[in-house]
Amino acid sequence: MKSSTPVQVREVWAENLVAEFSLIKEAISRFSFVSLDTEFPGTLFLSNLDKSLLSQAPPSHNYRLMKYNVDLQFNFRDFNIEHDPYNDESIGLLERQGIDLKKNREKGIDSSDFAWMVFTSGLVFNNCSITWITFHGAYDVGFLIKILTRRELPCDMASFLGMVSFFFGVRVYDTKFMMGSIGGLRGGLERVATLLGVERTTGKRHRAGSDSLLTHQTFVRFKDSCANLDLENLNGCEGMIFGLCEGWLGFDRTPEVYNIETSTQLKPQFNEVFSV
Numbered sequence: 529m530k531s532s533t534p535v536q537v538r539e540v541w542a543e544n545l546v547a548e549f550s551l552i553k554e555a556i557s558r559f560s561f562v563s564l565d566t567e568f569p570g571t572l573f574l575s576n577l578d579k580s581l582l583s584q585a586p587p588s589h590n591y592r593l594m595k596y597n598v599d600l601q602f603n604f605r606d607f608n609i610e611h612d613p614y615n616d617e618s619i620g621l622l623e624r625q626g627i628d629l630k631k632n633r634e635k636g637i638d639s640s641d642f643a644w645m646v647f648t649s650g651l652v653f654n655n656c657s658i659t660w661i662t663f664h665g666a667y668d669v670g671f672l673i674k675i676l677t678r679r680e681l682p683c684d685m686a687s688f689l690g691m692v693s694f695f696f697g698v699r700v701y702d703t704k705f706m707m708g709s710i711g712g713l714r715g716g717l718e719r720v721a722t723l724l725g726v727e728r729t730t731g732k733r734h735r736a737g738s739d740s741l742l743t744h745q746t747f748v749r750f751k752d753s754c755a756n757l758d759l760e761n762l763n764g765c766e767g768m769i770f771g772l773c774e775g776w777l778g779f780d781r782t783p784e785v786y787n788i789e790t791s792t793q794l795k796p797q798f799n800e801v802f803s804v
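Each position in the sequence shown, counted from 1, maps to that position plus 528 in the working numbering.
A few of these clues could be false.
Stated by the list, open to error - Derived BS3-like pairs: lysine-lysine, alpha-carbon spacing no greater than 25 Å straight-line:
hint: 1; residue 1: K635; residue 2: K674
hint: 2; residue 1: K553; residue 2: K635
hint: 3; residue 1: K674; residue 2: K631
hint: 4; residue 1: K674; residue 2: K553
Unchecked claim - Simulated restraints, written as ranges between beta carbons of each label pair:
hint: 5; residue 1: C683; residue 2: S657; range: 30 to 36 Å
hint: 6; residue 1: L577; residue 2: S640; range: 31 to 37 Å
hint: 7; residue 1: R719; residue 2: D616; range: 20 to 26 Å
hint: 8; residue 1: D599; residue 2: E727; range: 34 to 40 Å
hint: 9; residue 1: K630; residue 2: S588; range: 37 to 43 Å
hint: 10; residue 1: G715; residue 2: R538; range: 26 to 32 Å
hint: 11; residue 1: E539; residue 2: E727; range: 19 to 25 Å
hint: 12; residue 1: L551; residue 2: A686; range: 34 to 40 Å
hint: 13; residue 1: R624; residue 2: G650; range: 31 to 37 Å
hint: 14; residue 1: D599; residue 2: R714; range: 41 to 47 Å
hint: 15; residue 1: T648; residue 2: R679; range: 17 to 23 Å
Honestly, the hints are just simulated from the structure, not real lab data. All C-beta atoms, glycine included, are put in the ideal place defined by N, C-alpha and C.
All chains, please: the whole structure from these sequences, using the hints.
Structure below.
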């Protein structure tokens with residue numbers, strides 16, 4: 529599936545934030561889908577599970593891991609690569625994809641300004657008309673809620689999911705959760721899009737604008753495929769975020785208690801902040 533209509537990814541900086549949100553506010557009256565993707569400086573707290581076992585980790589484990597990382601991260605122009613902690617591999621990947629961290633620091637948006645624009649735009653508390661789309665969206669939603677609330681995420685997952693519903697309504701879909709109903713449909717966004725015949729129409733991988741567009745196109749193709757296959761409707765998928773809900777693929781047993789640990793080089797630094 530390749531769109532015949534050219535798509536422009538609009539870059540938003542502090543200097544044009546108000547103007548761009550004016551366009552967003554106007555667009556909400558005509559378009560009902562918001563696709564969310566974030567790029568961030570990597571995860572500093574790591575699971576002690578082998579990667580092959582991560583699909584068996586319970587939602588409570590996944591939420592704690594996400595919370596520790598989101599609470600620690602800085603966003604937008606708030607992030608200073610010279611002082612703030614980050615994951616070297618993730619930063620290298622973002623820079624190779626063309627993200628200019630120095631420019632972000634100098635001309636990027638202050639997260640408090642962004643939060644105010646989101647609140648006044650109609651994007652949140654709009655339960656009647658907005659549908660939010662993510663792909664493996666726990667971190668994406670977590671970062672956005674942290675920015676909106678200006679505080680750490682709740683200690684318990686139920687409160688976090690309540691915040692998701694409070695801000696974004698009930699129509700929040702995570703395509704990675706949804707695709708558990710299709711045998712053989714596995715992997716990350718790029719692979720799933722390819723399997724569904726969806727081509728990236730603009731931009732590069734690991735750029736939020738391009739990835740959010742691909743996320744939406746993949747969701748649309750997946751939904752259409754479900755209809756063509758005469759599968760059950762998607763009513764049971766609202767608010768179900770991959771890894772944070774017991775219905776997700778791979779969670780089929782009573783979980784053990786897992787620990788979360790930091791990477792070796794970071795553990796001494798963060799033990800003063802978090803009891804992990």
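Legend entry - Hint check against the structure, violated hint numbers in rising order: 14
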